[in-house]
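Visitor: In order, the protein sequences belong to chains A and B.
Taking my numbering, the leading residue of the first sequence gets 1402, the next gets one more, and so forth.
Taking my numbering, the leading residue of the second sequence gets 10, the next gets one more, and so forth.
Be careful, since some hints might not be right.
To be verified - Straight-line alpha carbon distances no greater than 25 Å define the calculated BS3-like cross-link-like pairs of lysine-lysine that follow:
id, chain 1, residue 1, chain 2, residue 2
1, A, LYS1456, B, LYS206
2, B, LYS266, B, LYS206
3, A, LYS1576, A, LYS1668
4, B, LYS266, A, LYS1502
5, A, LYS1426, B, LYS206
Stated by the list, open to error - Label-pair ranges, simulated between beta-carbon atoms:
id, chain 1, residue 1, chain 2, residue 2, range
6, B, SER192, A, THR1543, 52 to 58 Å
7, B, PRO253, A, PRO1429, 18 to 24 Å
8, A, LEU1431, B, LEU260, 21 to 27 Å
9, B, PRO226, A, ALA1455, 55 to 61 Å
To be verified - One side of the interface only, derived from the structure: several residues of chain A facing chain B at Cβ under 10 Å:
id, residue
10, LYS1426
11, LYS1456
12, ASN1458
13, PHE1477
14, GLY1485
15, PHE1490
16, THR1492
17, GLY1493
18, LYS1495
Bear in mind the hints are in silico, worked out from the structure with no lab data behind them.
No residue lacks a Cβ here, since even glycine has one placed at the ideal position from N, Cα and C.
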Amino acid sequence: MTPAVKSSAAVQQSDVVLRYLRPHKKFPNLWCPGCGNGIVMSSLVRAIDKLGLAKDNVVLVSGIGCSSRMPVYLDFQALHTTHGRALAFATGVKFARPDLKVVVITGDGDCLSIGGNHLIHACRRNIDITTILINNYIYGMTGGQISPTTPSGSVSTTTPYGNMEKQFEACELAKGAGATFIARTTVYHTSQMDRMITEAIQHRGFSFVEVLSNCHTYYGRLNRLGQATALLRMFQEKAARGKAKSIIDEESKDMIVTGVLHRDDEKTELCDEYQKLLDSLSKGKA
Amino acid sequence: MPQADRQLMMGNTACMHGAIYAGVRFYAGYPITPSTEVAEGCARELPRIGGRFIQMEDEIASIGAVIGASVAGLKAMTATSGPGYSLMIENIGYAYMIEAPCVIVNVQRGGPSTGLPTKVSQADTMQARWGPHGDYTAIAVAPSSVAEAFTETVRAVNLSERFRTPVTILLDEVIGHMQEMVSLPEAGEYPVVDRAKPTCDPADYAPYGPTENCVNPMPAYGEGYRWYATGLTHDPRGFPTERPDEIVATLERLRHKIEDHRPEIDKVRADRMEDAEIALVSYGSVSRTALQAMMLARGAGLRVGCVQLQTVWPFPLEPLRTLLQNTRKVIVAELNMGQIVEQVERIVPDGGRVHSLLRYDGELITPHQLIDKINEVST
Ligand SMILES: Cc1ncc(C[n+]2csc(CCOP(=O)(O)OP(=O)(O)O)c2C)c(N)n1
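Bound conformation, chain B alone (with noise of 0.2 Å):
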């Protein structure tokens, strides 16, 4: 790419550009701090590709629109931040059930409530896993950059596409807004996914049917296909059911159709792990710190490693434990009371090895804070 196609960016506007390379066609939204960028981006940019735009009345109403839009056959999302992100959870639920592909932006600001509209926070990690009620798999991806707000974006919209389901990304207010230099790729430098069309005589469709990789194919509105689609626990054919053996048949399709395909989904970046003694696991933001606090450490002759997690949700389990296996301390530093940390310390079961560093002032984490925890842990 040429230096001369660099421009100044912020991340919000970045993940909007991430949403229309992928081909996103439709946003629906209501403003709310740090997000709006987004909207308003998407406001000018849609139109301009036969796109549609529309402000809803409420954020309740916004993610419904992008399901409606999306079983119509458009790609289609939303941005929010945390009250707006919390109005949206039945809806959000909703489309785990009928499974619509969908991609929620939520550019965190602290909580809960009003809470911190203009600070940064990382407090809704575990609302993006278990926001609506019910059992399903939720997939939630984090950037740490403006360049992977694009390319996060990307990969969340095909991640939804691929396995029709909502996606979350977890922007937050630092990633949101700060600005970098970037070139956006070019068409075709990065795959774009679309949902699979059933291909089946429309008599035989079956939009829930136990298909061997968990995922059904599913056709937009007006190619023949009549399908039904509900809220209640369904069949196959997408009816109200109340017999078990067809309640366990939908509710463990939801959860393998995601875990069965970890491999697909599972993402995380590892800086200087190969002989760290000591790992900084973090993801959006405060992976930023983690990796000039690695510099820092290092200079000092400290052997210390970076893991960012850009996939949050599912957990990248299997990645995580074989990065860390060798590690002696593992340091989780994230902008909340400690959500992730509890999941780290899942996969390294021996007490005492894993440290947290937690901040929820509203403040980023900085590098000193970080080398500070380092020192503490290796004495």
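Chain A on its own, in the form it takes in the complex (with noise of 0.2 Å):
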């Protein structure tokens, strides 16, 4: 139910979505009504807004997935690519243009499964993108299959006898292959969601922010977790906030670990590295 009178706070903030909704763009979107993605995406925009970061200076790469239609909302360079590869094209035009800021967009499906290759090599090279992956445990655009992130035992349209694999756990997964700042936060926390967005834009180096979020038309309904809210009611429950001593905490197993889980700033970025040797290479010729 809405409340009769919106705090002056909660009107602000639909301001600033506003300010960056593109023009032109027929509304309402393509996203389940309840859907996490508009959370996350208002959160982005706060983001960007509270860095003060011009439109021009900003580009959204996405894959392909519910989650992945964001960019056509917003009023930014946008790249919609293929499934999975995000972050191939995203690295294409950091490192062509690293005056851009480049924050990538994916679903579990996207990032994890048929893009895990690019992911990787993404944080690897700790090249200077954002990548916010939004994990709602199941192929959404698609209609409700399994995902690298769908829990042991769930119920998806391909595994109705329930699931019998193992999950990635994508923050240590990111963690392993080299990113120097990682995040998890989901669609209930959405003031601790703002900031670790806009600390993971500012942290020069691989960001990776896992949002966890509410897929209640198949995730919820396959499973018989009930609507938007309750899942909602889950993620407040489940999360245990703060400083987290390591990604999957021993003492609290069955809670959700949020928070910064990890940071370097002493890595060298890819894409100051190569700005060395062009340096080197101009002064040697002059």
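Put the two chains together into one complex; each comes in its own frame, and the hints tell you how they fit.
Guide: As structure tokens, this is what we get:
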């Protein structure tokens, strides 16, 4: 239920989002009512607004999936690419034009299944790209098949008898591959999400933010977990907030550890290193 | 050009120099024989002129990065061979759809699959036309010497910029690895084309609008035009559409922007065709054999001429129709099981006039094989 009087903070927040919506684009959007993708989109806008980035300097790159539709709604440069390949395209954009801020929007299938190879190599290169993984535990766009993050035992349209596979722990994977800023948050924790995305964009190097999100339409329905609000409540209850000791916290096994999980400000960034090469070669010539 | 500037150069290296001459400043690729020298040359030369080289994790990523660099504003290229070209196909289709200028060099080797990594082939000719799914019109060029590896690469980059489209350079193992004496041209000797940029108010910019010549201007990122590109079928603004009229308009524009400008794209080289009774039609490395065979046949008093396809796609229908009109016999020679011969048959309808000489054992066609064929068809 919508409250009769919106708080002034809420009014301000939605104003910010309106200022960043793409002109000419016809609405409503493609997402189901209650989908977490819109919550992440607003948070991204607030982060960019807070950082004062010029619209012309921001490039959103996405793959294919419900989540990957986000760039069409926002008034930035936008490259909506092929399934799984957003990070490959984004690497080209950033490496060609290091002056641009490049943000990748991707889903759990897009990023971790078909795009898994590009993810680990982007992490390894420590190229200055911010990746926002919207993990809804399932393939939304194709109608509810398992993804590499679907919990064991869960029902999907391709695991009608329950998922017998193990999951990727996305943040652990990113850490092992060399990402230098890693955070996790959920669509319930919007102010934390704002902070995480802001810090990720500020970080010079490969930053990775996993946002746990709700796909009540498929994941929720097929597993009898209820509607959007029920899934949000689950995030609220399960989140262990604050500074985590490690990505997989043994003490809070059943909990979702959120916050900044890993940070390394020492490692060199790829475009910076290449610039040094360009500078030394042009000095040699002079 | 003074003799002193002449140097012994490999076809792949000439291709790299041609790309740089035409303004390519970004290369992303993944090593594969027999194309790797293009990457190695770019890794060495590009940073010296402020350009950028990156070795990606695979060919899917390579062409992705190339397209990303292209929309960001740089002229971009990649080089590969059969297995890598196959991996690139989905993203090449994406480049057709979003109309991203870029150049893909395929130094052909034997296939299918891993095939013959170090042996020559021309079996990817049809793949260069019909690789990605869906309807679009492709451009592909085929050099037949080290000097042409340079000039045709310049032309390929120019065509990609002019028509906002991916262009494939069909090199083959022989041309790629062959060494010849060449002298590289000075700046200004060959024209260099840059993509047209929009000058309109950003609020009015339609990246896929129905322009007169079907090619829309394209801004670099950061120039105030915050456009949206998608592989989904889109309307003039670039937004996804399922409206039949908009679908048709987009697909027809993709076709017309190439088809309506064939005179700018068609390119064939004719030798001794004025009085030729027998025409040898070929492209790439086989055109060298054809020239040699023509000399031998002329020596024996046979009126033989050569037609080399420098543009392979779109198939140069009109120039070829004119050249072949007065010939008695046409021999199409290629290193595959018969890909271009079917195109020639389309324009020389009189059955029995077109013959083909095919070889697909990893070796070049020899002049004597062609002489035998000439003797066979002329009796
Ligand atoms: C090469 C390729 N394979 C398969 C598909 C079909 N496909 C579209 S979206 C998708 C999965 C999307 O799931 P996810 O990345 O988790 O994003 P979500 O829709 O849940 O946001 C698949 C398999 C495709 N578009 N391209």
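Visitor: Flag every earlier hint the structure violates by its number, smallest first.
Guide: 4 and 9
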